[in-house]
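Chains as they are written, first to last, in our numbering: chain A, 1 to 631; chain B, 1 to 402.
What the hints contain is simulated information worked out from the structure, not anything from laboratory work. Even for Gly, the Cβ is constructed at its ideal location relative to N, Cα and C. Be aware that one or more of the hints could be misleading.
Reference listing, derived: stretches of chain B covered by chain A, where coverage requires no fewer than 3 residues with Cβ under 8 Å from a Cβ of chain A [what the hints assert, rightly or not]:
#	region
1	38-45
2	75-89
3	107-114
4	192-202
5	214-228
6	237-248
7	262-268
Keeping only pairs whose Cα atoms sit at most 20 Å apart, straight-line, the calculated SDA-like set for lysine to any residue is [said to hold, decoys possible]:
#	chain 1	residue 1	chain 2	residue 2
8	B	Lys-369	A	Pro-125
9	B	Lys-117	A	Gly-446
10	B	Lys-117	A	Gly-455
11	B	Lys-206	A	Ala-119
12	B	Lys-117	A	Asp-331
13	B	Lys-117	A	Asp-330
14	B	Lys-118	A	Gly-446
15	B	Lys-220	A	Pro-263
16	B	Lys-118	A	Ala-450
17	B	Lys-92	A	Gly-455
18	B	Lys-92	A	Leu-328
19	B	Lys-117	A	Pro-326
20	B	Lys-164	B	Glu-185
21	B	Lys-247	A	Arg-135
22	B	Lys-206	A	Ile-539
23	B	Lys-184	A	Asp-436
24	A	Lys-312	A	Val-465
25	B	Lys-369	B	Asp-263
26	B	Lys-372	B	Asp-263
27	B	Lys-66	B	Gly-325
28	B	Lys-220	A	Tyr-4
29	B	Lys-323	B	Ile-57
30	B	Lys-190	B	Pro-388
31	A	Lys-92	A	Leu-185
32	B	Lys-118	A	Ala-453
33	B	Lys-118	A	Ala-457
34	B	Lys-394	B	Arg-138
35	B	Lys-247	A	Ile-133
36	B	Lys-118	A	Asp-331
37	B	Lys-184	A	Asn-264
38	B	Lys-92	A	Val-337
39	B	Lys-247	B	Glu-199
40	B	Lys-118	A	Gly-455
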Amino acid sequence: MGVYLAQFLSGLASASALFLAASGLSIIFGVTRVVNFAHGSFYMLGAYFGYSLVRNLGGGALGFWVALLIASIAVGLVGLLVEVIILRRLYKAPELFQLIATFGVILVIQDVVFWYWGAENLLGPRAPGLSGIVRIFDVPMPVYDLALIAIGPLVLLGLWLLFNRTRWGVLVRAATEDREMVGALGVNQSLLFTGVFVLGSALAGLGGAIQLPKGDANLLMDFGILAEVFVVTVVGGMGSIFGAFLAAVLISELNTFGILVWPNGTLVLMFILMAVILIVRPTGLLGRPETIGQKTETGPVEVVLPAGPHYKIFVAVVIALLALLPLLVDDFILVLVTDILVLALFATSLHFLMSTGGLVSFGHAAFYGGGAYAAALLVTYAATPFELALLLAPFGAGLLALVIGWFCVRLSGVYFAMLTLAFAQVAWSVVFQWSDVTNGDDGLLGIWPAAWASGTATYYYVAFVVAAAGIFLIRRVVFAPFGYGLRATRDSSLRAAAIGIDIKRQQLAAFVFAGVMAGLAGGLFAFSKGSVFPDEMSIPRSFDALLMVLLGGIESLSGPVVGAAAFTWLHDELITFEYWRLLLGVVIVALVLLFPQGLGGAARHHVGRYLKLEASPGDLRSATPKREQRA
Amino acid sequence: MGIRKVLGAAVLAASVIAPGVAGAQETIRIGDINSYKNLPAFTIPYKQGAELAIEQINAKGGVLGKPLEIVSRDDQGKPGEAVRYAEELFTKENVVLISGSLFSHVGLALGSYAGQKKRLYLAAEPLADSLVWAQGNRYTFRLRPSTYMQAAMLAEAAAKTGAKRWATIAPNYAYGKDAVAAFKEVLKAKVPDVEFVGEQWPALFKIDAAAEAQALESVKPDGIYNVTFGSDLAKFVREGTLRELFKERTVLGLLTGEPEYIDPLGPEAPEGWIVTGYPWYAIDTPAHNAFVEAYQAKFDDYPRVGSLVGYNAMLSIAAALEKAGGTDTEALVEAFEGLELDTPAGAITYRALDHQSTMGAWVGTTTVKDGKGVMVDWTYEKGGDYLPSDEVVKTLRPANGG
Chain A
1 MGVYLAQFLS GLASASALFL AASGLSIIFG VTRVVNFAHG SFYMLGAYFG
51 YSLVRNLGGG ALGFWVALLI ASIAVGLVGL LVEVIILRRL YKAPELFQLI
101 ATFGVILVIQ DVVFWYWGAE NLLGPRAPGL SGIVRIFDVP MPVYDLALIA
151 IGPLVLLGLW LLFNRTRWGV LVRAATEDRE MVGALGVNQS LLFTGVFVLG
201 SALAGLGGAI QLPKGDANLL MDFGILAEVF VVTVVGGMGS IFGAFLAAVL
251 ISELNTFGIL VWPNGTLVLM FILMAVILIV RPTGLLGRPE TIGQKTETGP
301 VEVVLPAGPH YKIFVAVVIA LLALLPLLVD DFILVLVTDI LVLALFATSL
351 HFLMSTGGLV SFGHAAFYGG GAYAAALLVT YAATPFELAL LLAPFGAGLL
401 ALVIGWFCVR LSGVYFAMLT LAFAQVAWSV VFQWSDVTNG DDGLLGIWPA
451 AWASGTATYY YVAFVVAAAG IFLIRRVVFA PFGYGLRATR DSSLRAAAIG
501 IDIKRQQLAA FVFAGVMAGL AGGLFAFSKG SVFPDEMSIP RSFDALLMVL
551 LGGIESLSGP VVGAAAFTWL HDELITFEYW RLLLGVVIVA LVLLFPQGLG
601 GAARHHVGRY LKLEASPGDL RSATPKREQR A
Chain B
1 MGIRKVLGAA VLAASVIAPG VAGAQETIRI GDINSYKNLP AFTIPYKQGA
51 ELAIEQINAK GGVLGKPLEI VSRDDQGKPG EAVRYAEELF TKENVVLISG
101 SLFSHVGLAL GSYAGQKKRL YLAAEPLADS LVWAQGNRYT FRLRPSTYMQ
151 AAMLAEAAAK TGAKRWATIA PNYAYGKDAV AAFKEVLKAK VPDVEFVGEQ
201 WPALFKIDAA AEAQALESVK PDGIYNVTFG SDLAKFVREG TLRELFKERT
251 VLGLLTGEPE YIDPLGPEAP EGWIVTGYPW YAIDTPAHNA FVEAYQAKFD
301 DYPRVGSLVG YNAMLSIAAA LEKAGGTDTE ALVEAFEGLE LDTPAGAITY
351 RALDHQSTMG AWVGTTTVKD GKGVMVDWTY EKGGDYLPSD EVVKTLRPAN
401 GG
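Only chain A is shown next, with the shape it has when bound in the complex (with noise of 0.2 Å):
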């Protein structure tokens, strides 16, 4: 009796913390609709505030309260900054840049925590006066614990105040209900997002400043608190601040007496739920479907145009430069460059989905893990040759994408996105933790090419020709009759129902075919590199691939190309700094503001014209009614 209660009061204890990051996220989400990706950055600097707070401000009860409450504060100041400078530029930028642009936050705020704060673990300081235990039923409980308790449901008795009994706060609902109307009613918009977007970081520092005496601040809390917040919010329904507060008590006490029946379930566990739960209500607990916003926030898509006559000379004279590559270069180039076109394939199928099918998906480093697995799988246990193996590395990624697309396609919009990262996050567990089959951690190894294809130069011709071809059969794709009737999906789904098309069915045919071209670069990468790793299924990889797409520009469709090259060349330039991650954090910043479009889509824009690189564009744009824009 006595331990299953500690245990449900330990499970209350740590949603508390959990409850704070993730109402913060839904606050921010519910009005701004920004996904910040940066949120667990703050935690993490809430973390760090405090234990220096703490130190500084030295003992006494007090003293330590008021300097998790300043962490808090300093941390909503950090968040204030990121808006007024980042993110307030991007409103009316399509949601991906935003969440280009916070990831971009995440790597600066990274290298300034490590460079401020060093390296090793900083244990936190204990609770003054409640650092001890209390018996409950003989089993000891800490005092702290029960003070945490107390706080969810404080900070939870706060919020409900603030939004129903100050004004600021019914302006802040009006705006989670219907942004457009509160502008136009002549409340100052920006000043209420800044508002709501300092609440919401606040609350994450909080968040990460009063687990200090449970724990430690350091420098993998951001993205090991990201998922856990991501799934909270979804599951409690973006936007909606009981729902947080029920997820996190949910998914908390889940953990707590999941690990009692089911010790290897740790991780897996959480994700499962949130599956189950999205399904049964696709928009969280309390949420409530997304009134504007049905389509998934790509931007304005133009009509994508077959390639003119001198984009095909162009296009002509980089395969050619490509196939004497070898002849011209030294062997590491030839390594950069296949993993360039392996990147480039992966890329591809990513933007097929999100600008021809108007799905964005954050997984999409399951398929191409999947790939992966699914050939080094092969050839660790059924000795498959090289050329089936890469062969069969797709289907066995379209197989996966065939059963997470079932249950994906159901939502649309960011859900579709979250839940794409949740079964993103299951394969990846476990593929992680199922150490007998996958070997984990340590991977599947000794994944070579045949003999006649392991020599540098072949096997960069054999990627070469593999992703081009790839590369191809997705555009070819993009303009044959299901590339229309998806694009008709994307536009106006009633229409498209109207004249017969299967929504659900073509957006799953969708879905899968990228899967399935994932998961050949998968394949091509496990063979260049001989081993094949858990990380090529992580959230991390999946940001890789979005960071290319956008790099290149959503709108054009050679921009994933360009997005692969720029984005390797960037990392390989960078690295040799010792804050690099700082630069790449600062130069993915500066793209996104400075070039809304990609590069692929600048380049386009202002060389591209005066090449005639597309057909005719002019008439036959303004022959066509544009997409109607958003704020």
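With chain A fixed as given, assemble chain B onto it according to the hints.
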């Protein structure tokens, strides 16, 4: 300050890139790949140790009449990147071999690469047993005592405690599983009637320490074998202490005594745990004293395990180059097999049998002194004494592993 650091980094980067052509002929270049950004608390000491060794070797005139030079790359903790940099180091920077890496998966990827491309790789810190066993190959050697060796040292200590009912807690991934499996195997062989009454597998760096501590408490073990580390360890120690989990129980901690892991715990370091680690402050041999003195003089910091491993790695490479009499890879492989050298940790040998060095570890009991966790009553256990018999090792390595 910040700007100066960035500028310094830029100058440093430029100086690494620029003299590549000029220095290629006069120096012997050693490729170094490590996760400098992902786990700086572990890899920076490694790098410093390596730098110290290189400085000392070059002060004595280098090796084969040429100074040694390290060319470093950051793998970002990604195996794919590590393999790419390996290729770059060999083809563009003309390194004679590569060394380094901390993460097991990165080490394994580099080992596989070395075997495929027939290039030499000295794995300095990765612990995975398979690196030199199941996935072993002719071109991969490992310096640090492996998971199996360190777990076996603790299992021997566990057998002496008399505790029979054991519970384990380990992060749910390859290293944690290896560490538990090896511990169980060795302890069962020594004490046939031990019982394993509970296993907990928190997700790496996502421990729910309160719940895990309760779960361990509920099975009432005599002894607890802990493999968690980093922030997981800090949380586990806190919750476990508060909830009286460690009271009147034998607790073992794998690697817990290494400065990298115990120092962040400060005054809250667990007391009375039997751990493997590195009591650098108390090892009193001339060779080790000289090492600590030189290290502190150069970096104004004390050495961690990583420092010692980095230092020993460079000593090993220098010794192998001397023995081979040149930089030819095949000659270096032959030189490494059976290579004997003296290090601050004592004499070590790279076993020809499985390419594992016999560098050992220190086993002792933790206590808190002056607000810091330290090891007392420790002994240095030679790595060679904690490996399975040669017959068993032979079955563990692939037939063509050389």
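Going through the hints against the structure:
no.	hint	in the structure
1	38-45	holds (count 4)
2	75-89	holds (count 9)
3	107-114	holds (count 5)
4	192-202	holds (count 4)
5	214-228	holds (count 4)
6	237-248	holds (count 5)
7	262-268	holds (count 5)
8	B:Lys-369 x A:Pro-125	holds, 19 Å
9	B:Lys-117 x A:Gly-446	holds, 11 Å
10	B:Lys-117 x A:Gly-455	holds, 10 Å
11	B:Lys-206 x A:Ala-119	holds, 19 Å
12	B:Lys-117 x A:Asp-331	holds, 13 Å
13	B:Lys-117 x A:Asp-330	holds, 16 Å
14	B:Lys-118 x A:Gly-446	holds, 13 Å
15	B:Lys-220 x A:Pro-263	holds, 17 Å
16	B:Lys-118 x A:Ala-450	holds, 16 Å
17	B:Lys-92 x A:Gly-455	holds, 17 Å
18	B:Lys-92 x A:Leu-328	holds, 15 Å
19	B:Lys-117 x A:Pro-326	holds, 19 Å
20	B:Lys-164 x B:Glu-185	holds, 14 Å
21	B:Lys-247 x A:Arg-135	holds, 16 Å
22	B:Lys-206 x A:Ile-539	holds, 16 Å
23	B:Lys-184 x A:Asp-436	holds, 17 Å
24	A:Lys-312 x A:Val-465	holds, 18 Å
25	B:Lys-369 x B:Asp-263	holds, 12 Å
26	B:Lys-372 x B:Asp-263	holds, 7 Å
27	B:Lys-66 x B:Gly-325	holds, 12 Å
28	B:Lys-220 x A:Tyr-4	holds, 15 Å
29	B:Lys-323 x B:Ile-57	holds, 15 Å
30	B:Lys-190 x B:Pro-388	holds, 13 Å
31	A:Lys-92 x A:Leu-185	holds, 19 Å
32	B:Lys-118 x A:Ala-453	holds, 16 Å
33	B:Lys-118 x A:Ala-457	holds, 17 Å
34	B:Lys-394 x B:Arg-138	holds, 14 Å
35	B:Lys-247 x A:Ile-133	holds, 14 Å
36	B:Lys-118 x A:Asp-331	holds, 16 Å
37	B:Lys-184 x A:Asn-264	holds, 18 Å
38	B:Lys-92 x A:Val-337	holds, 15 Å
39	B:Lys-247 x B:Glu-199	holds, 19 Å
40	B:Lys-118 x A:Gly-455	holds, 13 Å
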